[in-house]
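Participant: So the chains spell out like this:
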Amino acid sequence: MSKLTVPVRPQDHLIGPTNAPVTLVEYGDFECPYCGQAHYILQEILEKMGSELLFVFRHFPLTQVHPHAEAAALAAEAAGVQGRFWEMHDALFENQRALEDLEILDYADSFDLDLGQFEEDMRKARHLPRIKEDFMSGVRSGVNGTPTFFINGVRHDGSYDFPVLTRALRDAAMARAP
Amino acid sequence: MTTAIQKESSLPRETRPALVGSVLQPGTLAPDFTLQTTPDQTVSLRDFLGRPVVLVFYPADWSPVCGDQLSLYNEVLTEFKKHKAEVLGISVDGIWCHLAFEKDRKLRFPLLSDFEPKGDVARKYGVFRQSSGVAERALFVIDSEGTIRWSTVSPIGVNPGADGILTALEELSVRKQAGP
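Protein chains in written order, with our numbering: chain A, 1 to 178; chain B, 1 to 180.
Keep in mind that the hints were calculated from the coordinates and are not lab data. Fair warning: this is a prediction, and the values are worked out from it, not measured in the lab. Just so it is clear, CB atoms sit at the ideal spot from N, CA and C, and this is done for glycine as well. Honestly, I wouldn't trust all of these hints.
[To be verified] Derived Cβ-Cβ restraints for the label pairs, each shown as a range:
(1) Glu145(B) to Val164(A): 40 to 48 Å
(2) Pro129(A) to Pro39(B): 38 to 46 Å
(3) Trp62(B) to Val164(A): 22 to 30 Å
(4) Glu170(B) to Ala98(A): 39 to 47 Å
(5) Thr166(A) to Thr78(B): 33 to 41 Å
(6) Asp32(B) to Met174(A): 47 to 55 Å
(7) Asn95(A) to Gly50(B): 42 to 50 Å
(8) Arg167(A) to Ser22(B): 33 to 41 Å
(9) Pro26(B) to Ile15(A): 54 to 62 Å
(10) Asp90(A) to Asp120(B): 35 to 43 Å
(11) Ala175(A) to Pro39(B): 14 to 22 Å
With the hints as extra help, turn the sequences into a complete structure.
Facilitator: Structure representation (structure tokens):
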């Protein structure tokens, strides 16, 4: 049973209350088609579970097979320092076939980011260390492809379709209930 | 992941009869072999004496789990290289199939063809699956003197990840620093 080796920290990208009964960590790649499918499932789950769930996204770009994955991850971080991580995260997953530099710049523009700063961050790959840190934390936790999920710190090896993932999250919530 | 801390094979007992012989265990001298890696090149295990070797047996090119597993090792290669380790992929696929697969996945380590006699090397390591005629999904970490230091066999549909390999390589590095 693989366990998350780096616990969820404040500097992670989080949606939901930090005291939620269930924490779902995703290691994902913005150019991975399976992560793209999972994105829509996760949106439904987040809506359904509300404050019961804390969702965390960590980067796991497979750069040799996905030539845009690293730039996309950098873009999410560059948007993140301007308070727009999740907007960029959603835009990237919803436009996986449009991840060229200029297209990414368009998304940044649509969120009213400081484009000068954004472009400089991208050019200097300023947030690469953080992405590598996420990646290695995934490797050491037994991430074996994308997406890989951890529910309350334990790798979820089942399917991530809506009913299976929802049941696994509910079971984890029940197991934790006093 | 659990395989990282298991020195013994993690193969569930009920699947053992499918294997020919038993999986070579830590402490065993790794059997040497020479296999083709391109139409005009062969690779021998003894070529790598002096460096750790990660042997990655997998059932087949192109099956989705293998692709993921090898793509992952491709990404983690720089971490393996920190331990000066070489990664060798081995399956029963032919050399042309390997070449197409390597190109498609942009793999930066060689794939060896255990094609003739089919599965001969997998048999020597105790990881040939007779019923389906392919290798198990098995990992061996071999030290710089050619001794197996860690091995694991994953259930056929499960990608074992890279953490077990990294832990084994780290232990080798620590052992080396500590001296004999």
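Participant: Does the Cβ distance between Thr166(A) and Thr78(B) fall inside 33 to 41 Å?
Facilitator: Given range 33 to 41 Å: holds, Cβ gap about 38 Å.
Participant: Assuming the hint says 40 to 48 Å, is it satisfied by the Cβ distance from Glu145(B) to Val164(A) or not?
Facilitator: With Cβ atoms ~46 Å apart, the hint holds.
Participant: How does the Cβ-Cβ distance of Arg167(A) and Ser22(B) compare with 33 to 41 Å: does it lie in that range?
Facilitator: 38 Å Cβ-Cβ, so the 33 to 41 Å window holds.
Participant: Evaluate the given range 22 to 30 Å for the C-beta pair formed by Trp62(B) and Val164(A).
Facilitator: holds, 26 Å
Participant: Against the range 35 to 43 Å, how does the distance between the Cβ atoms of Asp90(A) and Asp120(B) compare: consistent or not?
Facilitator: violated, 51 Å
Participant: Verify the CB-CB distance for Ala175(A) and Pro39(B) against the hinted window 14 to 22 Å.
Facilitator: The hint (14 to 22 Å, Cβ to Cβ) is violated, given that Ala175(A) and Pro39(B) are roughly 55 Å apart.
Participant: Between the beta carbons of Glu170(B) and Ala98(A), is the distance compatible with 39 to 47 Å?
Facilitator: Holds - the Cβ-Cβ distance for Glu170(B) and Ala98(A), about 41 Å, lies within 39 to 47 Å.
Participant: Using the Cβ atoms, figure out if Asp32(B) sits within 47 to 55 Å of Met174(A).
Facilitator: At roughly 54 Å between Cβ atoms, Met174(A) and Asp32(B) fall inside 47 to 55 Å, so the hint holds.
Participant: For Asn95(A) and Gly50(B), compare the CB-CB distance with the range 42 to 50 Å and indicate the outcome.
Facilitator: 49 Å Cβ-Cβ, so the 42 to 50 Å window holds.
Participant: Pro129(A) and Pro39(B), beta-carbon distance inside 38 to 46 Å?
Facilitator: holds, 42 Å
Participant: Taking 54 to 62 Å as the stated bounds, is the beta-carbon spacing between Pro26(B) and Ile15(A) within them?
Facilitator: With a Cβ separation near 44 Å, Pro26(B) and Ile15(A) fall outside 54 to 62 Å, so the hint is violated.
Checked against the numbered hints above, the structure violates hints 9, 10 and 11; every other hint is satisfied.
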